[in-house]
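Q: Residues per chain are reported as follows:
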Amino acid sequence: MVSPFRQKIRLALKNATLQIALDNNAERRNTARRTVYKSLPADLQTMRRQAHAVRKDVIEHLDHYLAAFIENAQRNGWIVHRASTAQQAVDTILEIAQSHQAQRIAKSKSMVSEEIELNSALEKAGIEVVETDLGEYIVQLRREHPAHIITPAVHLTRQQVGELFHEKFGIPLTEDVPIMTETARQVLRQIFLTADIGLSGVNFGVAENGIICIVTNEGNGRMVTTLPAVHIALMGIERIVPTLDDLALMLYLLPRSATGQKLSVYTSLIRSPSQEGDGCRERHLVLLDNGRSALRGSPLEEALYCIRCGACFNACPVFRELGGHSYVGTSGRHTPYGGPIGSVISAALFGYEEFGHLARASSLCGACREACPVDIDLPKLLLRVRAGNTPVPKRQPPPKANAPTPLKWGLYFFSYIATRPALFHLAQRLAGIGGWIVSPSKKWLRLPSFSGWGASKDFPRPANKPFREVWREIQDLPPAQMQLAIPGSAPRSSPQLTKAPQPQDLAEWFEKELLALGGQFLPCTSTDLAQKVLAFLKENHIAAIQTWSEEVLPEGLLAFLEQNGIQIALQSNPDLRAGLTGAECAIAESATLVIPSNSRRPLTASLLPEIHLAILNKSAILPRLPEALQRQEKLKAPFTVLISGPSRTADIEMTLTIGVHGPKRVIVFCIIDA
Amino acid sequence: MPETVQLFVTCIIDTLYPEIGKAVVQVLRRVGKKVEFPPDQTCCGQPAFNAGLRNQARPIAIHTIQTFEKTHGDIVIPSGSCASMIRHHYPELFENDPVWEERAQAFAGRVYEFSEYLVDRLGIEDVGARFPHKITYHSSCHLLRELGVDRQPRTLLTQVREAEFVELPYTADCCGFGGVFSVEHPEISAAMLERKINCIEESGAPYVVTCDAGCMTNINGGLLRHGKTQRALHIAEILAGIEVP
Chain A
1 MVSPFRQKIR
11 LALKNATLQI
21 ALDNNAERRN
31 TARRTVYKSL
41 PADLQTMRRQ
51 AHAVRKDVIE
61 HLDHYLAAFI
71 ENAQRNGWIV
81 HRASTAQQAV
91 DTILEIAQSH
101 QAQRIAKSKS
111 MVSEEIELNS
121 ALEKAGIEVV
131 ETDLGEYIVQ
141 LRREHPAHII
151 TPAVHLTRQQ
161 VGELFHEKFG
171 IPLTEDVPIM
181 TETARQVLRQ
191 IFLTADIGLS
201 GVNFGVAENG
211 IICIVTNEGN
221 GRMVTTLPAV
231 HIALMGIERI
241 VPTLDDLALM
251 LYLLPRSATG
261 QKLSVYTSLI
271 RSPSQEGDGC
281 RERHLVLLDN
291 GRSALRGSPL
301 EEALYCIRCG
311 ACFNACPVFR
321 ELGGHSYVGT
331 SGRHTPYGGP
341 IGSVISAALF
351 GYEEFGHLAR
361 ASSLCGACRE
371 ACPVDIDLPK
381 LLLRVRAGNT
391 PVPKRQPPPK
401 ANAPTPLKWG
411 LYFFSYIATR
421 PALFHLAQRL
431 AGIGGWIVSP
441 SKKWLRLPSF
451 SGWGASKDFP
461 RPANKPFREV
471 WREIQDLPPA
481 QMQLAIPGSA
491 PRSSPQLTKA
501 PQPQDLAEWF
511 EKELLALGGQ
521 FLPCTSTDLA
531 QKVLAFLKEN
541 HIAAIQTWSE
551 EVLPEGLLAF
561 LEQNGIQIAL
571 QSNPDLRAGL
581 TGAECAIAES
591 ATLVIPSNSR
601 RPLTASLLPE
611 IHLAILNKSA
621 ILPRLPEALQ
631 RQEKLKAPFT
641 VLISGPSRTA
651 DIEMTLTIGV
661 HGPKRVIVFC
671 IIDA
Chain B
1001 MPETVQLFVT
1011 CIIDTLYPEI
1021 GKAVVQVLRR
1031 VGKKVEFPPD
1041 QTCCGQPAFN
1051 AGLRNQARPI
1061 AIHTIQTFEK
1071 THGDIVIPSG
1081 SCASMIRHHY
1091 PELFENDPVW
1101 EERAQAFAGR
1111 VYEFSEYLVD
1121 RLGIEDVGAR
1131 FPHKITYHSS
1141 CHLLRELGVD
1151 RQPRTLLTQV
1161 REAEFVELPY
1171 TADCCGFGGV
1181 FSVEHPEISA
1191 AMLERKINCI
1201 EESGAPYVVT
1211 CDAGCMTNIN
1221 GGLLRHGKTQ
1231 RALHIAEILA
1241 GIEVP
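Protein chains in written order, with the numbering used here: chain A, 1 to 674; chain B, 1001 to 1245.
None of these hints come from the bench; they were simulated from the model.
Here the structure is a predicted model, which is why all the values come from computation and not from measurement.
Every residue gets a Cβ at the ideal spot worked out from N, C-alpha and C, and that includes glycine.
The reader is advised that the hints may include incorrect statements.
Stretch by stretch, here's where chain B covers chain A in the computed footprint (C-beta under 8 Å, at least three residues) [as the list claims (entries may be wrong)]:
#: 1; stretch: 295-306
#: 2; stretch: 354-363
#: 3; stretch: 407-416
#: 4; stretch: 421-428
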């Protein structure tokens, strides 16, 4: 009987399209990751070790940090729910949905929701649930599971997506990724505008101030946490960082490891429900345990350090052959977490009997650990799973090592002889004789396929004389006879890694990074700002814009625009093509605008229109992320978004496409006064 | 009297490739070492450990520790994977063991992988070898990522006379061996090996050098099955100056 896992392996290896897609994924992600690490403000290994230490501290003192986080979040106005099991989390979300008579839920990416199988539960309750991440949306339309935690539709080609969109939306068959993306933008825009509830995952919860952080590239994460009246955030209890500085450290590593970006396009810092202006009026936080507490203090505790960047998937040579859909249980059950970390987590959270065998599908090459931004020793954890060192439910015997029976007996035998040198030698001699009988002329043997080895490789014939016998012949040769005079030389020193010096002019640095992201940078002065904004609007035939209120924009700007025929609106309106905002500050290293919200600074102005115009004072440009996080903290805005360039996706065939849900263009008017 | 060094030849080389063991001895003698071979040695226990069978791995590890405790001096192992087993996994195997944890650590402190021993321990980069062929280098996973040894074999190989060193594309990608993995998941292992073989062909070198007889067996097994002419060699063979056809 071939196990479901092996069946999946064989299917995946035979699937030429999948193999090309997985190669593409690995090549691009691994190259991008290595390249972008060079832009870190400090040595990568130092930062990895720091990040590891932060995660270790959090998991070791999780009760403390979780209590602080919950207290602060509640003070901020979050309604916090604890769920110890998947079922409890589902029930909680259903209750919230039913209390609002919700018909439609718009969802951004959440692996925890996959873990608790939320979508099917909501659908059973008669609630429409729509995935809004482009890749997730595609797999949902195909009634599939995501094939990768970062790139859900990694297994599909543009032709397959083209056919899907043709069938579902009646658009002409196309292989043009921007056309498909635009179609999804239009379809999903209606979902965002009409959903009763927005549901999101959480990347990090910050204990010291009770905010949650969500990173997305398309803008769907912002949409579902801004437009519907009610927001539900679903979070695993382990995803806490103690402080904003720790968050900055994680944000240096997460997007770089996940997608090769310095910062994701949208980093949302959500503090509280909005009392006025736009933004959700009610925010729920569902904290899921589902076996995580049992992992603490267990041999697999380190698996809880994971920040779900997916780098280990991309680095893993086995994932590269299999793809995410192949990681199934002994009964064929799907797990949302595949790849190296998933092979540990699935066994630890969802059952050793069902998923323990996944850890055996690894050559233990260590590429996963090398790629892990928080330095999780994945080979060690995979080995522990193999040995049955997993958390044990109460009153159950610990699991035994899960080696297949023939291998187990083989190794019992080997272990017996390997502790008895004379017997070991005898076995070597017998192997040598056996090899010679089987293959007297050839030095390499064809073993039968059932041996595993013989299916694809030859095996060397054991030596007639093992080394221990050869040794007896050569041991008495005096060293001098074989010795040559070799000049010793000192080991070479390895080259020092030099960091690119930080550019002196922050505006120039910001501009360079913004252009690289596909944004536009227009320098101006306080006197010609209004003229330049107007010129831009006229050039682009824009007659009406959504803006912030005039008190929070440069004096006289809105009045000037109105005098020149531009209609000004504070409220969002799907027909408006451009939004004009200020920025609290900016980060040069990643060309990031830091934009807080309140009643005078609507969130939607930088989100719904196709074109986002931002006014930035040169003096507000900070070099790096940690300073910016500290500065925005002083405002205590209900929602702060960090925007790095135009909305983007690479969900179809890893093709970078601009403008999924958020603005397609970002234009920064930078006031540089002498 | 030259300083004595203990050779832990590994079960694979002992059983399958005695000529590699001989090459290791030649090189060590050439750099002035007196080589000893404790005859009770067998295997480090890695196969059982990697299979998850720690109760079977432990007695083999204890046997190995006891065998070498009777000897003095550094211990050289011509395999990154076995050296890493002792350095990194013995402590895990004997964690909190009142007797063996300390003894395993003392043992691990004496262990060096062959190229690491030559370059880092002895400060030798040129062993006077000659090999008039184009060569490339496969970075074995445990050597590279668990022991952090990469510069050392490359340094030794670039000093080999008349050898033209070319880089192997994706040298750090696993060849698909992984010990028990290669027999438990032969299909995946074969697919990984195919990539490695393609890279070896792309490099243009007829010889690919490794520091691990496991990888070497895997790569040669695939090369032969596919009818390829390239061959994998153990670094000791190059450094000892073997003749190849």
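Q: Against this structure, judge whether each hint is valid.
A: Status of the hints after comparison with the structure:
no., hint, verdict
1, 295-306, "violated (count 0)"
2, 354-363, "holds (count 4)"
3, 407-416, "holds (count 6)"
4, 421-428, "holds (count 3)"
In this structure, only the earlier hint numbered 1 is contradicted, and the remaining ones agree with it.
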